[in-house]
Amino acid sequence: MERDIFLIGAGQTQFGERWNASLRNLMEEAITAALDDAPCTSLDVDIVVVSNMLAERVNSQAHLGALAASILPHHPPALRVESACASGAVALHTACSLLESGRAQNVLVVGVEKMTDTPSDEIAAALMGAADAEKDAPSGITFPGLFGLIAERYMHEYGLTREELSYVSTRHHERALKNPYAQFRKSVTSDQVSASPLVADPIRLLDCSPITDGAAACLLSTSCESSLKISASQLTSDTTSIADRTSITSFPATKDAAERAFEEATIQRSDVSVIELHDCFSIAALLSLEDLGFAEPGQGIELYKNPPADLQINGSGGLKACGHPVGATGIKQLIEVGRQLKQQKEQWGLAHNFGGAGVTCGVHILEHSIA
Amino acid sequence: MNDSPSIIARAQKKRHSRALCGTVLSHTIVRHPPAGFPKQPRCIGLIELEDGSRTLGAITGAKPIAIGQHVAPRMQLMKINNAGLRTYDIVYEPTVMQHAPLHEKQKVQGYILALTGPSGVGKSTVNLLLSQVIGDYAQHVPIITTRDPKKQDKNEYSYVSEQEFQDLKDQGLIIAATRIPSNTENRWYGYQAKDIERIWKQGKIPTVVTEMHLLKDLSHHYGRRSILSCGLLPPGQSRRAMLSQLLHRLRKRGRDSEASIRDRLRNAEQDLIFFDRRKDLFDHLIVNEDLDHVVSILKRCVRKLDKLSTVQKPKEAL
Chain A
1 MERDIFLIGA GQTQFGERWN ASLRNLMEEA ITAALDDAPC TSLDVDIVVV SNMLAERVNS
61 QAHLGALAAS ILPHHPPALR VESACASGAV ALHTACSLLE SGRAQNVLVV GVEKMTDTPS
121 DEIAAALMGA ADAEKDAPSG ITFPGLFGLI AERYMHEYGL TREELSYVST RHHERALKNP
181 YAQFRKSVTS DQVSASPLVA DPIRLLDCSP ITDGAAACLL STSCESSLKI SASQLTSDTT
241 SIADRTSITS FPATKDAAER AFEEATIQRS DVSVIELHDC FSIAALLSLE DLGFAEPGQG
301 IELYKNPPAD LQINGSGGLK ACGHPVGATG IKQLIEVGRQ LKQQKEQWGL AHNFGGAGVT
361 CGVHILEHSI A
Chain B
1 MNDSPSIIAR AQKKRHSRAL CGTVLSHTIV RHPPAGFPKQ PRCIGLIELE DGSRTLGAIT
61 GAKPIAIGQH VAPRMQLMKI NNAGLRTYDI VYEPTVMQHA PLHEKQKVQG YILALTGPSG
121 VGKSTVNLLL SQVIGDYAQH VPIITTRDPK KQDKNEYSYV SEQEFQDLKD QGLIIAATRI
181 PSNTENRWYG YQAKDIERIW KQGKIPTVVT EMHLLKDLSH HYGRRSILSC GLLPPGQSRR
241 AMLSQLLHRL RKRGRDSEAS IRDRLRNAEQ DLIFFDRRKD LFDHLIVNED LDHVVSILKR
301 CVRKLDKLST VQKPKEAL
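Protein sequences appear in the order of chains A and B.
Quick note on my numbering: the first sequence kicks off at 1 and runs consecutively.
Quick note on my numbering: the second sequence kicks off at 1 and runs consecutively.
Pulled out of the complex, with its shape left as it was, chain B reads as follows (with noise of 0.2 Å):
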């Protein structure tokens, strides 16, 4: 294998891809390993990691190891080539830990459509907009805060207190949770598994309007096949165009003071770099160029998923 360092430079800023935790669906002990790895029979694992993907990768420790373990990522030494460039790469440690068996967890209790996009993005209008069209299909579910109520909140939020948010947290009762950190605002936001369920249970599919810890934590707790989820990017080429194209936009809206809007402008950086990061959690990317291609899209996906659901669900439950 060639040892470049560009190709190494290249390989690490895929990495951090690779460091979850995973189970093990095959593996075999490598007896003559290529030249450059250590001479010593070298096991090798098919991991599937937790966000769904497939990657091959070196298990360590001395114990055999069966299909179905559960791994955990850790930085090895793996190679120094004839330079002295010592390489480091991923490899997976057997752990005790028992992860819920991986069919149980991709059991599709229903399905949820989440829009996450930056702030300024335009997600509300989207949302507004979507509402109106497919308001027979969907409906949203309401962000629970402890941040005060304001003047232009429609009623998609329910207020609590800190303590009270903790409360509901610490009992497993709010199953995603942020704190938006910032000099203007320091809140918690969150979802609670009872509103999600509570649509279900209607017959419709739930709509989150979200960010990304609140994304990563849906589909943590749900499963990632049960959410369908769109990315709505601002136009641009680059990244830059994107934040300048933002930046435009909270101004104009004309609600948040220029320190408020240099928050949020970070808070999009930070959105947006997430959005290259973790495709695997995007089934759409759409830009919002035009706003009716976007509803006409959303809705398309919508009833995509309430035809999923019609098959999934006994019709009484309807």
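One chain only, chain A, in its complex shape (with noise of 0.2 Å):
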């Protein structure tokens, strides 16, 4: 990084079904939080980015830069970034750029979806923006259609069994119970994730990460200081169809983002102790597991079902127990993996975001200075 960045402040909504809050609520509500945790004022604030994917085509809203500088009283600069499930990535990765380059001190980044507004089916052909409409779309493929083939060729090359997938969504809603955003703070059983219905095979409805509304905000500054710092920034990207690649069982881009940020944090793999991951379906969480290097190929489930001691995996329930509103994602892991890293007076932590079939990722790597 050209400039020490910090992360001064964080907060979200509770994520899950919020009928009661619209897109412009849940973007004050998070905005709201993130200022109270932060050691400035809102007027400090010299540019928000927004984080949105959906918001024209599901809530009729374009234009979010300005609905999210319109909650602060001096209407800041702001702009909104897109990139389907990593736009909370590339936001907090712009972010790092207009404060390494000096054009702001403090920017404050907000992810937002409101997606329940919406029947489900709509938001499942949204959603589907985010593969190639002309290489992929025509054929009737869904995005849990993507992620079936993908988990469908895993299986027959490594020989990955159902019942071991279901753990990951074991893991996933055991880990929520203990967080207060979560939308799913409730166990299931492996088996009854084995026997939950089947969307696009083999991705059962409990491989799935929901439709959730919810928000995150952070501020990034150059000026104040805090405890966690931005170590690594890095972007990513692959072809948009999976069509167009060589293999469907690893992500090139989680790889490529993971190498360059390890290099960029110069630390090892092993120097991290908290990671969040990008697990829009369970065999998500596999892959990016591997393709970040933490486990080898095919390997990926060992550290679901053995959980290692030190290092903890989507502690925050993931996108699967703990919501998955989609703008809002990548924001929501950085500022849990800093509150999981406080929490365990750990140094070293790790978000990764991921949109699309492993097509844009933004990989950040925190660092808590303990002392």
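Please note that the accuracy of each hint is not assured.
Unchecked claim - Here are a few chain B residues that sit away from chain A, every Cβ distance over 12 Å (derived from the structure): (1) Arg18; (2) His27; (3) Leu56; (4) Asn82; (5) Asp136; (6) Leu168; (7) Ser238; (8) Ala259; (9) Arg262; (10) Gln270; (11) Lys299; (12) Asp306.
Stated by the list, open to error - Think about it this way: if two alpha-carbon atoms lie no more than 30 Å apart in a straight line, the pair counts; the simulated DSS-like pairs of lysine-lysine are: (13) A:Lys135 to B:Lys151; (14) A:Lys135 to B:Lys216; (15) A:Lys135 to B:Lys14.
None of these hints come from the bench; they were simulated from the model.
Backbone N, C-alpha and C define an ideal beta-carbon position, used for all residues, glycine too.
Two chains, two frames, some hints: make the complex.
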């Protein structure tokens, strides 16, 4: 990083079906929480970066930058970024660039998605916008379908069984029990996962992250300091269609982003104690662990069967159990990593956020100064 | 999904490139297909097509699909939009025919340098220059033909009767064959496997100056990856401009009658369409504007292949 960038304030809404809250209400709630947590005031915000994927299509609301800026008393400049489910990581990366360039000293990053006002088939169609509209969509595939193809191939190549895959969601639900913001604070057994209805074979309902309302905000600063510093912010991309790849059981975008991030932070994988990774479907959690380099290819499931003592994976409950308000997810991951590092008094944490089927990937590394 | 007629029309233009047989790499059953598609569960596969490209496509039939299943394309009514527009698209049907296992087909025996271009683009000139520059590494593969010898032929042809040609073809000894029909000639041209394999044994790279059907056959027989394929195009911004450039060259060459030039031009137009449609069959498209430039590109290609072959082959074979 060109400058020391600190995470000085963080806040999020309850994730879930928030029938009483609008898109604007969700943003207000998260922004207020983040500013309350920060050592500066709302007037110190130089620019707002909004992360959101679907508002035009499902909330009939474009112009989200200005909408967010209007929540602050001085209406600072604002912009919105969209990179499907990776919008959050891209917003953070954009904020880091603004800070590194010196254009701003305090950037408010807010991610928001309001999904439950819209029927689920319409949401599914909108989410399909993350794939290739010309190459993928005409076949009639859905987003769970793309991960169905990935899971089927993965099981074929590595012999992963249905029972094993079900551990992933079980673990995520277990961890969400302790997260007050999580959408599903209840446990599910792996038998329940294996018996849930099929969505896109072999993906079942309880393999999928849910439709969620929620927002998360954080304040990044070069002028104020805190115990949490961003040590790496890396962004990569790949083909929008999985048909243009040589392999579908690994995402090169994740590998590349992880390599670069570890290099930028000058740390080893073994230094990391906390990760929040992108588990839009249970199979994605395994690919992510392998591509980030925490497990050998085909071995990701071992970290779910026998959770290691020195590495916390998706302590928030992940996208599966904490919820996946698309544009808010990347921001939530970063502030979760910060919260867990503080709580466990550990030094290094990593947030991994991708959009589409590993099309855009962002990896952020957070350093907690324990002293 | 937006079903506007313009989107459908654009998609249809590209459809032919997916009308190939292939092998299922993975599959899923989408239990709740998107709006506009039939409501029943929909089997969709990631399919590797014969040309090496991949596509997502619906798979028909009642039987469960397995990875590695061979499928063939066919047209099916996909959906009818609100305005009543019926959209047809390619779906894939499992076939009983067992395809050669993918990995075997992809085994590279050796490399071939192929130069393809419409008549009059300057293939022979380029080849002549090339053989002077890289004669040590590469050798021209003779074309076996049923046509009569001509005065200007160098030693690029071996001549057989039509009957002999058919016999060799039936025995599978000719692995690429094409008939060029026209008003002025109706001849067979082809390549024999033994000629290509002989050059490999000498440790050299077989070079073919060829046309689209022969290129397709070679690519089918030896696998697309065995061929470093260069397309040679006449200069020009549009197909029409390229054709008038060719016409100019053919007339300047003064070898052919006007009738034969008309034939050649018609074939050349097909060739240019082929370049557009089967981009996958070419590694490089080179515009023949400056001979030295073209030869230097090809020289680099041969050097690259030579290195690859040296790595592939045991020393004593060289």
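Hints, verified against the model:
1. Arg18: violated, 10 Å
2. His27: Violated, since 6 Å does not exceed 12 Å.
3. Leu56: Answer for B:Leu56: violated, closest chain A Cβ roughly 4 Å.
4. Asn82: holds, 15 Å
5. Asp136: holds, 35 Å
6. Leu168: For B:Leu168, whose nearest Cβ neighbour in chain A is about 38 Å away, the distance exceeds 12 Å, so it holds.
7. Ser238: holds, 25 Å
8. Ala259: The assertion about B:Ala259 holds, with a minimum of 44 Å to chain A.
9. Arg262: holds, 39 Å
10. Gln270: holds, 27 Å
11. Lys299: holds, 29 Å
12. Asp306: Check passes; 26 Å lies beyond 12 Å.
13. A:Lys135 to B:Lys151: violated, 52 Å
14. A:Lys135 to B:Lys216: holds, 25 Å
15. A:Lys135 to B:Lys14: holds, 10 Å
Violated hints, listed in ascending order, are 1, 2, 3 and 13; each of the other numbered hints is respected by the structure.
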